[in-house]
Amino acid sequence: MASASQVALLQAWASDIGHVVDTASSPKAEFARLAQAKGWVGGDAAWCSRWKECFGEAYPYGQHDRPATAENTTTSEEGGVCLSARMRRLSITSDASSFSVISRISRANSFDSVKSFDSQISLDSKNNVQLAPRSAASTDSHNTVAQQKPAAGPGSAGCEEMTQMVGKLSLSGSTDKKGSNPAWDQFIGFKHSPTAPFKSEFERLAQTKGWGDSEKQRQFVTLLSSEVAFFWHADEDKLYHCQDLCRDLDLGAMSNTVTQYKKALKPLKINIYSVLDNKRNPKIKIVQYQSHSKLKKSIRKSGTFPREAAKAGSGCLTVLLSKL
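This note's numbering puts the sequence shown at residues 6 to 329.
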């Protein structure tokens, strides 16, 4: 149940539109209902500032640290080349003597667990961790992703020891419940499955609510935009999202400019719904089609991805839009 101060805030924000706050409902569910009525998109500036004011914490969703997944995974599309889901990323700062590991705990509690270690090892360009393309990607000009065994070098023994310690901590976080977009909480009586494909979950919701065609389409675009903003929210750097997307597509790190990443992503023939479903559930593989005709066949089956939704959050998904 919401506290008196939270109820007062929500009622104040709702007063200009005549929205009624349900004081018996959970505060985050009521926040999500009000956000839809006010037109706030999950992860945008208005949403985040009001979330912090209401709950006393930074908006915690849309993070990209996902647990490692099993080798045997399922695919949401047929007829294409399967792309592996990315492995857990461990962030090591190359110009300092410490690094931090963020392991996800239940997003229901809206927190991330941060653990730090100090090291006397200086990681620079001459003594860097050498990794296979899938296991390493540069998240910015100073950060390197580390997994598996580092290459031999003056500080490699210390690096390996720290990586092993980090691995043990990371594994403990991999069993935690995966969080989901809080916008689903506004639909009272509907139990959202955060790992199910987005479209099948929305169809189940629409059937439960009995929406007509017009209302169903409106709710679809609104919820899809919120889902995109949840995973690729505007508060993070667009370059980071492009790098993250390339890792999801098994392209690795190629440059430090958004333009270069767009050039690499533009030719790909991918149904954007499979990219979103992979974020919801890493066991669902992203499929890259080898011909435009096969992509068109997939899109005819799933439906087109609304441009409005692709532009949500940081807008990085627009590069994957294709002309049919």
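If you are wondering where the hints come from, they were derived from the structure by calculation, not from laboratory data.
Be aware that one or more of the hints could be misleading.
[As the list claims (entries may be wrong)] Think about it this way: if two alpha-carbon atoms lie no more than 25 Å apart in a straight line, the pair counts; the simulated BS3-like pairs of lysine-lysine are: (1) Lys-299 to Lys-284; (2) Lys-316 to Lys-221; (3) Lys-274 to Lys-328; (4) Lys-221 to Lys-33; (5) Lys-284 to Lys-316; (6) Lys-284 to Lys-243; (7) Lys-204 to Lys-271; (8) Lys-221 to Lys-243; (9) Lys-243 to Lys-267; (10) Lys-204 to Lys-268.
These are the hints, each one checked on the structure:
The hinted pair formed by Lys-299 and Lys-284 meets the criterion: a straight-line CA distance of about 23 Å does not exceed 25 Å. Note on Lys-316 and Lys-221: the hinted pairing holds, with a Cα-Cα distance of about 20 Å set against a maximum of 25 Å. At roughly 11 Å between alpha-carbon atoms, Lys-274 and Lys-328 fall within 25 Å of each other, so this suggested pair holds. As the CA atoms of Lys-221 and Lys-33 are separated by approximately 23 Å, the hinted pair is consistent with the 25 Å bound.
For a cut-off of 25 Å, the pair hint linking Lys-284 to Lys-316 stands: about 17 Å separates their Cα positions. Only pairs whose Cα atoms come within 25 Å are accepted, and Lys-284 paired with Lys-243 is accepted, the gap being roughly 17 Å. This hinted pair checks out: Lys-204 and Lys-271 have alpha carbons roughly 24 Å apart, not beyond 25 Å. Taking the CA atoms of Lys-221 and Lys-243, the gap is about 31 Å. The hint is violated against a cut of 25 Å.
For the hint pairing Lys-243 with Lys-267, the CA-to-CA distance comes to about 11 Å; that is within 25 Å, so the pair holds. Pair hint Lys-204 plus Lys-268 does not hold up; C-alpha atoms about 29 Å apart against a cutoff of 25 Å.
Of the numbered hints given earlier, the model fails hints 8 and 10; all others are met.
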